[in-house]
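Each chain is listed here by its residues.
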Amino acid sequence: MALLEIDHVSKRFGGLRAIHDVAFAIEENEIAFIVGPNGAGKTTLFNLITGVFHPDEGNIRFQGHDITHISPNHAARLGIGRTFQLVKPLRNLTVLENVMLGAFLHTSSPSKAAEQAREVLRYLQMEKAMHFTASGLPVAMLKRLEIARALATRPRLILLDEVVSGLSTAEALALAEILKRLPEWGVAAVGGVEHVMQVVMSIAHRVVVLDHGTQIAEGKPQDVVRTPAVIEAYLGTKYKELGL
Amino acid sequence: MDVYAALQAVINGLLTGALYALVGMGLALIFGVMRIVNFAHGAFMMLGMYATYVLFTRSNISPYLLFIVAGVVLFGIGYAIYFALLRPIHGQSDFMQILLTLGIGLIATDGVLLIFGADYHQINIPLLGENFHLGSHISVNAPWVVSFGIAVVLAVALYLFVMRTMIGRAARAIAQNRYAAPLMGINVFRVQAISFAIGIAAAGMAGGLLLPVFYIYPQVGDQFTLKAFVMVVLGGMESIVGAALAGLVLGVVESLTSLYWGNEWALAVDFVIFLLVLSLKPSGIFGSQKA
Amino acid sequence: MKRSHLIVAFVVFVLSLLLPLVVETGYALQILFRIYLFAALGLAWNLVGGYAGQLSLGHAAYFGAGAYGLALFSGKLGVSPWLALLMGVVVALACALLIGGVSFRLRGPYFVLATIAFAEVLRLVAKNLPAVTGGDVGVQVPTLFHGNVNRAFYWAAVMLTALAFATTVAISRARFGYYLMAIREDEDTALSVGIGAARTKLVALLVSSALTALAGALYGSLFLYIVPDQLLSIDVSNEIAIVAMLGGAGTVLGPIVGSVVLESASEIFKNVFKEAHLLIYGVLLVLVVLFLPEGIVGTLTALVRRRAMFGGIKAGAKGVAAD
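For the protein sequence lines, the chains are A, B and C, in the order given. Going by this note's numbering, the first sequence opens with residue 1, and the numbers climb by one from there. Going by this note's numbering, the second sequence opens with residue 1001, and the numbers climb by one from there. Going by this note's numbering, the third sequence opens with residue 2001, and the numbers climb by one from there.
Any given hint could turn out to be false.
[Stated by the list, open to error] Partial chain A-side listing against chain C, Cβ under 10 Å, derived:
| id | residue |
| --- | --- |
| 1 | Gly51 |
| 2 | His74 |
| 3 | Arg77 |
| 4 | Leu78 |
| 5 | Gln85 |
| 6 | Lys88 |
| 7 | Arg91 |
| 8 | Asn98 |
| 9 | Leu105 |
| 10 | Pro110 |
| 11 | Arg122 |
| 12 | Ile216 |
| 13 | Gly219 |
[What the hints assert, rightly or not] Which chain B residues face chain C? A few, computed with CB under 10 Å, are given here:
| id | residue |
| --- | --- |
| 14 | Arg1035 |
| 15 | Thr1109 |
| 16 | Gly1111 |
| 17 | Tyr1179 |
To be clear, the hints were calculated from the coordinates, so they are not data collected in a lab. We treat Cβ as the ideally placed atom computed from N, Cα and C, and that holds for glycine.
Could you build the full structure based on these sequences and the hints that come with them?
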């Protein structure tokens, strides 16, 4: 039984077909990436998985349970963590307090939550910033904070929406090294990216490519990159014909 | 069941509703289009009433001409308030805006109370004695008809302003995307100041038109603030036309409620409808946007 | 809240209880009653408005429910005053369930408008059902205390403030408090970490409404007679919110400071301007929003924190320069 199954899911917004007949599965401890340009439907897919919206067609299953119509807080409690593309920190709270909110999912004691939060922050190399207020942090740190907060909920699956966008290549690769170790923690990850392909190629077990809401390829990174449809979407028809 | 009594109530309701509509349209422009939560809207209507009252008692010119002056005065006040008080808190939360405008409303209401006293006043114009008769069962008091006519003209003018003029379009553009708007060359603050001032002026003029047929006292505006929000929600956000129609609906509903249940329940019915719409169809009866 | 702060709070509490030994005039005790009552009201409101960030301008509904509950259950059903008081609190809780259930689904200004609308409906119902509520004329409220009434009610107000204060401290240190703040900062983020936002807000409102209802009953019982336009008016709701905002919403001391400042200013203003004392509320509100958005306590706390930080940096720089 796969950890997450997207079973022929479609979603429209008025006349716009945001997601159309997308189907793939994620296994436990796997790192997968959903690749596609802005507007391809990555964020919509994440919103569907976490229950912010509900699909018009199709089903979503998590650990065998049908989660097609759940609410966002229920999804979190089932073990799905997420980060937001446009970071949503709790601005007037400190970094530590932000992450504690995630840890509170499994403990009601503020001291235990603080302890767990510190551990997560250490893993993400953020302990020095623990007592800074979130509103004063730069984007790169805020992105790490998003991940820390989601990790503190001890998810089985974490959804990372555009987690490397806005970072320099060096910062992105450094983050990728950290993400690569998530399976050690028993966490599977699905990231959404637009273009930082080095990150994708270096750590992904599986890649799904979306183009205007439809799925044009799915599989191991090396195979997907050679798929003609993908080459056409990214580089244009000319390159596909050249067979590159 | 007296059909004529009901019909009379409906007609009275429409006449009152036109003035409600003017107040509501002003708020629809300010809140719906500009997302400024103006809890002082009714207070500005009250200021318009008092401005017209003062001028009338000094000059004896008809309120149906003086209301224009009230409009101009309130335009100035609105513009000044936007620049002095609203602009500084531009980026801040709705919470702060609500509290600020609430404070402004309190200052206006109690300021007027200090200056003019708490007494209820009423003016007398010759037109009050005239009545139009439709058949033998329905009659309408002349001032209401005049104010209805003027309100309709102003409402159309406001609609055209919002929909057809550059400034109106700019205001709507800002509401849709406040980051892109300046990139299109729109001077956001100036457009918002003017739009706000026009919304306030509309309320002020409604006050002037209301003067002949209403008691004037400092707290008269309070119920209008709430009614204006009811209209804006009922009419669907951003919809000037929706707010106008909602104003008419509100007038008729209140009138019929007064007829069958008594005056006291009219305001309560307004709120119950408001709460029902908010819970069941937040996008309003005429609207299509999410609340 | 550090241990030392709590000790200070306890000392203040004891001193407050001892105050009537020094202050004996009915007039002074009534003003103090009002200050403490609104401190308690501000603290109660703060749970919903400050910590959870939900601007309720309809708290008069619970204030009135407490007072009318006390008056009507004892007057019409012959129940003993203290039992009627409890029943009034239950009524307020029921109102909170209804109001919260509907309003918390709404965001931003719609939430605020809904809270106002509910309180207004309650006021109008109280006005228009004279058979039940006495209508505009009002209804009698039994006295909860006998003997030196002013002193007794003052003590009751101090106790209520202490209760509200203790509740606030307990909440702010527990997970529940953190959840409220998360909802205030970003409700979507709160949902994404598994917080049941709707239920959390409702619980905060239930606690808030119960405390508010107790205050309303005390108020009604001291003055022995209540009318809808006094107990259920928007002015009451506004005053409660302003007390908390002025002092500092989201802080523990804020509402207490806010009440002291606002009620004192109001009393002074009343003697000068008699009818127009709401003017001071409006002015303070505008000043707070423009210049002190964190309230008095919030702003002072931020200043102290900044001083400490800069003091540290300066000392560090001096140290470096001396090397």
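Status of the hints after comparison with the structure:
| no. | hint | result |
| --- | --- | --- |
| 1 | Gly51 | holds (9 Å) |
| 2 | His74 | holds (8 Å) |
| 3 | Arg77 | holds (5 Å) |
| 4 | Leu78 | holds (9 Å) |
| 5 | Gln85 | violated (12 Å) |
| 6 | Lys88 | holds (4 Å) |
| 7 | Arg91 | holds (6 Å) |
| 8 | Asn98 | holds (9 Å) |
| 9 | Leu105 | holds (5 Å) |
| 10 | Pro110 | holds (6 Å) |
| 11 | Arg122 | violated (19 Å) |
| 12 | Ile216 | violated (29 Å) |
| 13 | Gly219 | violated (30 Å) |
| 14 | Arg1035 | holds (9 Å) |
| 15 | Thr1109 | holds (7 Å) |
| 16 | Gly1111 | holds (6 Å) |
| 17 | Tyr1179 | violated (19 Å) |
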